[in-house]
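Going by this note's numbering, the first residue of the sequence shown is number 1, and it counts up by one from there.
Since the hints were made in silico from the structure, they are not lab data.
Treat the hints with care, since some could be wrong.
Pairs of lysine-lysine residues, derived as DSS-like cross-links and limited to a Cα-Cα distance of at most 27 Å, are as follows [said to hold, decoys possible]:
id: 1; residue 1: Lys-92; residue 2: Lys-104
id: 2; residue 1: Lys-92; residue 2: Lys-63
id: 3; residue 1: Lys-78; residue 2: Lys-57
id: 4; residue 1: Lys-104; residue 2: Lys-45
id: 5; residue 1: Lys-45; residue 2: Lys-57
id: 6; residue 1: Lys-45; residue 2: Lys-27
id: 7; residue 1: Lys-45; residue 2: Lys-78
id: 8; residue 1: Lys-92; residue 2: Lys-78
id: 9; residue 1: Lys-40; residue 2: Lys-78
id: 10; residue 1: Lys-57; residue 2: Lys-104
id: 11; residue 1: Lys-57; residue 2: Lys-92
id: 12; residue 1: Lys-27; residue 2: Lys-40
Estimated spans, in silico, between C-beta atoms of each pair [unchecked claim]:
id: 13; residue 1: Ile-93; residue 2: Tyr-34; range: 25 to 35 Å
id: 14; residue 1: Val-60; residue 2: Ile-36; range: 39 to 49 Å
id: 15; residue 1: Gly-61; residue 2: Lys-40; range: 39 to 49 Å
id: 16; residue 1: Thr-32; residue 2: Lys-57; range: 25 to 35 Å
id: 17; residue 1: Phe-94; residue 2: Lys-63; range: 20 to 30 Å
id: 18; residue 1: Asn-98; residue 2: Tyr-44; range: 18 to 28 Å
id: 19; residue 1: Ser-9; residue 2: Lys-78; range: 17 to 27 Å
id: 20; residue 1: Lys-63; residue 2: Leu-21; range: 33 to 43 Å
id: 21; residue 1: Asp-87; residue 2: Leu-21; range: 20 to 30 Å
id: 22; residue 1: Arg-58; residue 2: Pro-33; range: 35 to 45 Å
id: 23; residue 1: Val-29; residue 2: Ser-66; range: 41 to 51 Å
Just so you know, even glycine gets a beta-carbon here, dropped at the ideal spot from N, CA and C.
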Amino acid sequence: MSFTELPPSFWGYTLETAAMLNIAPSKTVPQTPYEIWHCKPASYKYLRVWGSPAYVKRLVGDKLDSRSSLCRFIGYPKETAGYYFYDPFEQKIFISRNAVFLEKGFPADSRRDEVLLEVFRCAAGPFFTNFIIL
Numbered sequence: 001m002s003f004t005e006l007p008p009s010f011w012g013y014t015l016e017t018a019a020m021l022n023i024a025p026s027k028t029v030p031q032t033p034y035e036i037w038h039c040k041p042a043s044y045k046y047l048r049v050w051g052s053p054a055y056v057k058r059l060v061g062d063k064l065d066s067r068s069s070l071c072r073f074i075g076y077p078k079e080t081a082g083y084y085f086y087d088p089f090e091q092k093i094f095i096s097r098n099a100v101f102l103e104k105g106f107p108a109d110s111r112r113d114e115v116l117l118e119v120f121r122c123a124a125g126p127f128f129t130n131f132i133i134l
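Build out the structure end to end from the sequences listed, making use of the hints.
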């Protein structure tokens, strides 16, 4: 949760997602309860990295508005198929199935990469400065 920069109020969603991930097999229990009950292996293709950014399709909007918004994945709803998302601009939590997840660069934030690059450039220059430009 510390990599996502989400507020601490999302701990409940974090714990629910962790409980959902307990369906994975382990060394002590080679089969999951799902495999025992249904006699087939469980599908893990819907599992996502908690807190990862995703572009979620907006349901309503004006003709010239963007068709998606950048949100954060925060969990799995129990009552329906889809994912819980948090929109930091509107500060709302909602359920959607239409999303494109950006898990490739996560948890590295692009802003953090720019700060590290600036530190590297300062250290590699002819003289070293001990401050970081944010």
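Task: Contradicted hints - numbers only - done: none
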